[in-house]
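*Asks:* So you can see what is in the structure, the chains are spelled out below.
2 protein chains.
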Amino acid sequence: MNKPFQDKQNKFVCPVSIQRYPNVLLAHGGGGRLMNNLIEKMFIPTLGASHLKSKHDGALVELPTRRAAFTTDSYVVRPLFFPGGDIGKLAVNGTVNDLAMCGARPLYMGTSFILEEGLSMETLWRVVQSMRAAADESGVELVTGDTKVVERGKGDGLYINTTGIGMIEHDQVVAPSSLEQGDVIVLNGDIGRHGMAIMTVREHLAFENVIESDCAPLWDLVRELLDAGVEIHCLRDLTRGGLASALVEISEAAGRPIHIEEREVPISEEVRGACEILGLEPFHVANEGRFVAFIASKDAERALVLMRKHPLGHSARIIGEVKKGNVARVTMKSLIGTSRIVHMLSGEQLPRIC
Amino acid sequence: MNKPFQDKQNKFVCPVSIQRYPNVLLAHGGGGRLMNNLIEKMFIPTLGASHLKSKHDGALVELPTRRAAFTTDSYVVRPLFFPGGDIGKLAVNGTVNDLAMCGARPLYMGTSFILEEGLSMETLWRVVQSMRAAADESGVELVTGDTKVVERGKGDGLYINTTGIGMIEHDQVVAPSSLEQGDVIVLNGDIGRHGMAIMTVREHLAFENVIESDCAPLWDLVRELLDAGVEIHCLRDLTRGGLASALVEISEAAGRPIHIEEREVPISEEVRGACEILGLEPFHVANEGRFVAFIASKDAERALVLMRKHPLGHSARIIGEVKKGNVARVTMKSLIGTSRIVHMLSGEQLPRIC
Numbered sequence: 001m002n003k004p005f006q007d008k009q010n011k012f013v014c015p016v017s018i019q020r021y022p023n024v025l026l027a028h029g030g031g032g033r034l035m036n037n038l039i040e041k042m043f044i045p046t047l048g049a050s051h052l053k054s055k056h057d058g059a060l061v062e063l064p065t066r067r068a069a070f071t072t073d074s075y076v077v078r079p080l081f082f083p084g085g086d087i088g089k090l091a092v093n094g095t096v097n098d099l100a101m102c103g104a105r106p107l108y109m110g111t112s113f114i115l116e117e118g119l120s121m122e123t124l125w126r127v128v129q130s131m132r133a134a135a136d137e138s139g140v141e142l143v144t145g146d147t148k149v150v151e152r153g154k155g156d157g158l159y160i161n162t163t164g165i166g167m168i169e170h171d172q173v174v175a176p177s178s179l180e181q182g183d184v185i186v187l188n189g190d191i192g193r194h195g196m197a198i199m200t201v202r203e204h205l206a207f208e209n210v211i212e213s214d215c216a217p218l219w220d221l222v223r224e225l226l227d228a229g230v231e232i233h234c235l236r237d238l239t240r241g242g243l244a245s246a247l248v249e250i251s252e253a254a255g256r257p258i259h260i261e262e263r264e265v266p267i268s269e270e271v272r273g274a275c276e277i278l279g280l281e282p283f284h285v286a287n288e289g290r291f292v293a294f295i296a297s298k299d300a301e302r303a304l305v306l307m308r309k310h311p312l313g314h315s316a317r318i319i320g321e322v323k324k325g326n327v328a329r330v331t332m333k334s335l336i337g338t339s340r341i342v343h344m345l346s347g348e349q350l351p352r353i354c
Numbered sequence: 001m002n003k004p005f006q007d008k009q010n011k012f013v014c015p016v017s018i019q020r021y022p023n024v025l026l027a028h029g030g031g032g033r034l035m036n037n038l039i040e041k042m043f044i045p046t047l048g049a050s051h052l053k054s055k056h057d058g059a060l061v062e063l064p065t066r067r068a069a070f071t072t073d074s075y076v077v078r079p080l081f082f083p084g085g086d087i088g089k090l091a092v093n094g095t096v097n098d099l100a101m102c103g104a105r106p107l108y109m110g111t112s113f114i115l116e117e118g119l120s121m122e123t124l125w126r127v128v129q130s131m132r133a134a135a136d137e138s139g140v141e142l143v144t145g146d147t148k149v150v151e152r153g154k155g156d157g158l159y160i161n162t163t164g165i166g167m168i169e170h171d172q173v174v175a176p177s178s179l180e181q182g183d184v185i186v187l188n189g190d191i192g193r194h195g196m197a198i199m200t201v202r203e204h205l206a207f208e209n210v211i212e213s214d215c216a217p218l219w220d221l222v223r224e225l226l227d228a229g230v231e232i233h234c235l236r237d238l239t240r241g242g243l244a245s246a247l248v249e250i251s252e253a254a255g256r257p258i259h260i261e262e263r264e265v266p267i268s269e270e271v272r273g274a275c276e277i278l279g280l281e282p283f284h285v286a287n288e289g290r291f292v293a294f295i296a297s298k299d300a301e302r303a304l305v306l307m308r309k310h311p312l313g314h315s316a317r318i319i320g321e322v323k324k325g326n327v328a329r330v331t332m333k334s335l336i337g338t339s340r341i342v343h344m345l346s347g348e349q350l351p352r353i354c
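Chains C and P, in that order, are what the protein sequence lines are. Counting from 1, position 186 in the first sequence corresponds to residue 186 in this note's numbering; the numbering is continuous, with no gaps. Counting from 1, position 111 in the second sequence corresponds to residue 111 in this note's numbering; the numbering is continuous, with no gaps.
It is worth saying that the hints were derived from the structure and are not from the lab. The C-beta atom is built at its ideal place from N, Cα and C for all residues, glycine as well. Honestly, I wouldn't trust all of these hints.
[As the list claims (entries may be wrong)] Residues on chain P that point at chain C, a partial pick, calculated with CB under 7 Å:
#, residue
1, V61
2, E62
3, D146
[Claimed, not checked] Lysine to any residue pairs mimicking SDA-like chemistry, simulated, CA-CA at most 25 Å apart:
#, chain 1, residue 1, chain 2, residue 2
4, C, K41, C, L26
5, C, K41, P, V201
6, C, K154, P, H343
7, C, K154, P, V201
8, C, K154, P, K333
9, C, K298, C, H343
10, C, K333, C, E224
11, P, K333, P, G279
12, C, K324, C, Q181
13, P, K333, C, R33
14, C, K324, C, S178
15, C, K154, P, E122
16, C, K41, P, T123
17, C, K298, C, V265
18, P, K154, C, L80
[As the list claims (entries may be wrong)] The calculated label-pair distances, taken between Cβ atoms and stated as ranges, are:
#, chain 1, residue 1, chain 2, residue 2, range
19, P, S120, C, N37, 34 to 40 Å
20, C, H343, P, E224, 25 to 31 Å
21, P, E151, C, N37, 31 to 37 Å
22, C, E169, P, R272, 27 to 33 Å
23, P, I341, C, E212, 53 to 59 Å
24, P, E203, C, V173, 50 to 56 Å
25, P, I336, C, E137, 54 to 60 Å
26, C, P79, P, D171, 45 to 51 Å
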């Protein structure tokens, strides 16, 4: 679908009359003419969803393989726009990444909006455009959707749910249960960017270099590994709870000990500085474009080379391995050479980071 | 999965310690230990989702057919509990029905919660149990999920998104594009119950007989029609915007005129009375267990007999037909014999009805 909303200066213009409807009204979620206009004028042409809800209760889709991955996530990030992204880009990439972490090619996506009465129509329009751009980048088709409006004070501008179906086009079982002793853990880049991008905006911290979110779609990088026949045992993106929580979850799910080396985990100066100021632990801070891959040791070097050739993996590092035994525990050799147990984030650290 | 939370009196007890956590905290959405506890102790055992999010980023599923339906909906109904249902039952049945209206057998479902900080844990627990009961009733498997928490005053207790994948196990194309002149329109029961159940609670209206929501899963009834080989051209449940909006949408999508007879559309005395008091038009009021089926005229009588044998169709009626021509217009012969054009609900009527 092409982009039909350019004015004479070739700038995109909002397809819903902003003069007439500068803000979202309760009626935009009422199931009547106003909701239909919003769907038909903004959502369908922009998101390219030819069979969106207004025309049918669901999308009819063709599934090319029998093995699939299925995922859903709601996004409540605050603020809606942040350095390196916005709630729309985050919502699409987040679901793309959840599918990629299952080793699945993202194919179809559903999007559901909970709008707060009074949300600026222009804000919605910017977010919707951002979702389309993100979907195009990953080649995922937005096929179905839903719109609800809640009263002023009962939301926070905009919440988005995305849900995805991905196809598994290989024979590998990419899951914690596939972990084996000796598996090498590769991390695709420096950690803590997304969480600190959000927190520096919220806390009005100023650094010489703005911390940008690492929000990015990971399927293309995962696909390269799969296409090369790299034996991948498990993948996990490092979202809420950060690297530490992801490793603990995998260790617990697999019932195997994991060991990592702190000095191998890249953290930028800005992120480290911001974490110190706010009293946060970078290993617990959320990322939106970083993941760990558990690779059969025979393929580890090859995987590392492949990842480093990719824009989203150029600073990839081997950070640790799966150890012998059946104890669920993550240990880390610290910078000063001591070994300690890594824990999952225990309480609240960064609310509404995604 | 059995129900593991019975105390000695055989009553269900909340698996998360209510004494320790009487209310939802921000940390329950933080990606750390508290969120994991909520997922592992309440969501996974109750919803029966053996491969829910905490263990993997998405669910790996087997798809028995290539043709599928895919749908997503967010639920923001207020109040959370109402006569005849609650937000959990509504969220599961709503997605089951969207799939059924595509002629698809509901197979997998994802559930995503947006909780407001301070929500009573017992309320959440009641809703989760209700979701499980509804899922069991339709034989749908809850396979993946997500949990977010927003600050007090940024939500309204609880919003739920459900998303579903359904399998199309027949060769019919159930969609507005299949409409043909002469198709008979069958309605499975009286209209307006769900909307008026909500409104009478909100407006504190008291009637001799409480109006209960018609919230119900429609797949079993649709399946009976499909299994009998009834030629179904289109199905649509009568949710937001009611019967009138659904017919106008279908007429517009199909580019065909539709005619109905007002006297054939059943409306209970209670619903009619409540609508009069509140100044609402029953044809625009939402339903959650009512649908129209566009049936090839040769099969109309057979479909009606089948539907009337089913508990959710015992008062089914033929209410109209698809007329000749290619004009998108819905007309209705009124009780007094005049004919008028039926319009889609134009603005806001009943906010947050689902």
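*Asks:* Are the hints correct? Go through all of them and say.
*Replies:* Hints versus structure:
Because the closest C-beta pair between V61/P and chain C is about 5 Å apart, less than 7 Å, the hint holds. With a cut of 7 Å, the hint placing E62/P at the interface with chain C holds, because the nearest CB-to-CB distance is about 6 Å. This hint holds: D146/P has a C-beta 5 Å from the nearest C-beta of chain C, less than the 7 Å allowed. Under the criterion of a C-alpha separation no larger than 25 Å, the hint pairing K41/C with L26/C is consistent with the structure, at around 18 Å.
With a C-alpha separation of about 35 Å, the suggested pairing of K41/C with V201/P is violated against the 25 Å cut-off. At most 25 Å may separate the alpha-carbon atoms for a hinted pair to count; K154/C and H343/P exceed this at roughly 30 Å. Straight-line distance between C-alpha atoms of K154/C and V201/P comes to about 19 Å, which keeps the hinted pair within the 25 Å bound. Between K154/C and K333/P, the direct Cα distance comes to roughly 41 Å. Violation of the 25 Å bound is thereby established for this hinted pair.
Annotation: proposed proximity of K298/C to H343/C is violated, straight-line Cα distance about 29 Å (limit 25 Å). Restraint check for K333/C and E224/C: the C-alpha separation of about 31 Å exceeds 25 Å, so the hint is violated. Using a Cα cut-off of 25 Å, the hinted pair K333/P and G279/P holds, with the two alpha carbons roughly 21 Å apart. Restraint check: the Cα-Cα separation between K324/C and Q181/C comes to about 5 Å, which is no more than 25 Å; the hinted pair holds.
Straight-line distance between C-alpha atoms of K333/P and R33/C comes to about 23 Å, which keeps the hinted pair within the 25 Å bound. As the CA atoms of K324/C and S178/C are separated by approximately 14 Å, the hinted pair is consistent with the 25 Å bound. Distance hint between K154/C and E122/P is fulfilled; the C-alpha atoms sit about 21 Å from each other, no more than 25 Å. The straight-line distance between the Cα atoms of K41/C and T123/P is roughly 38 Å, outside the 25 Å bound, and the hint therefore fails.
The hinted pair formed by K298/C and V265/C meets the criterion: a straight-line CA distance of about 22 Å does not exceed 25 Å. At most 25 Å may separate the alpha-carbon atoms for a hinted pair to count; K154/P and L80/C meet this at roughly 14 Å. About 38 Å separates the C-beta atoms of S120/P and N37/C, a value consistent with the hinted range of 34 to 40 Å. Checked against the hint of 25 to 31 Å, the C-beta distance between H343/C and E224/P comes to roughly 54 Å, which is inconsistent with it.
A hinted range of 31 to 37 Å for the beta carbons of E151/P and N37/C is consistent with their spacing of about 32 Å. Checked against the hint of 27 to 33 Å, the pair E169/C and R272/P fails, with Cβ atoms roughly 56 Å apart. For I341/P paired with E212/C, a C-beta distance near 54 Å keeps the hint of 53 to 59 Å intact. Separated by about 55 Å at the C-beta atoms, E203/P and V173/C satisfy the suggested range of 50 to 56 Å.
At about 59 Å, the beta-carbon gap between I336/P and E137/C stays in the expected band of 54 to 60 Å. Between P79/C and D171/P the C-beta distance comes to about 50 Å, which sits within the given range of 45 to 51 Å.
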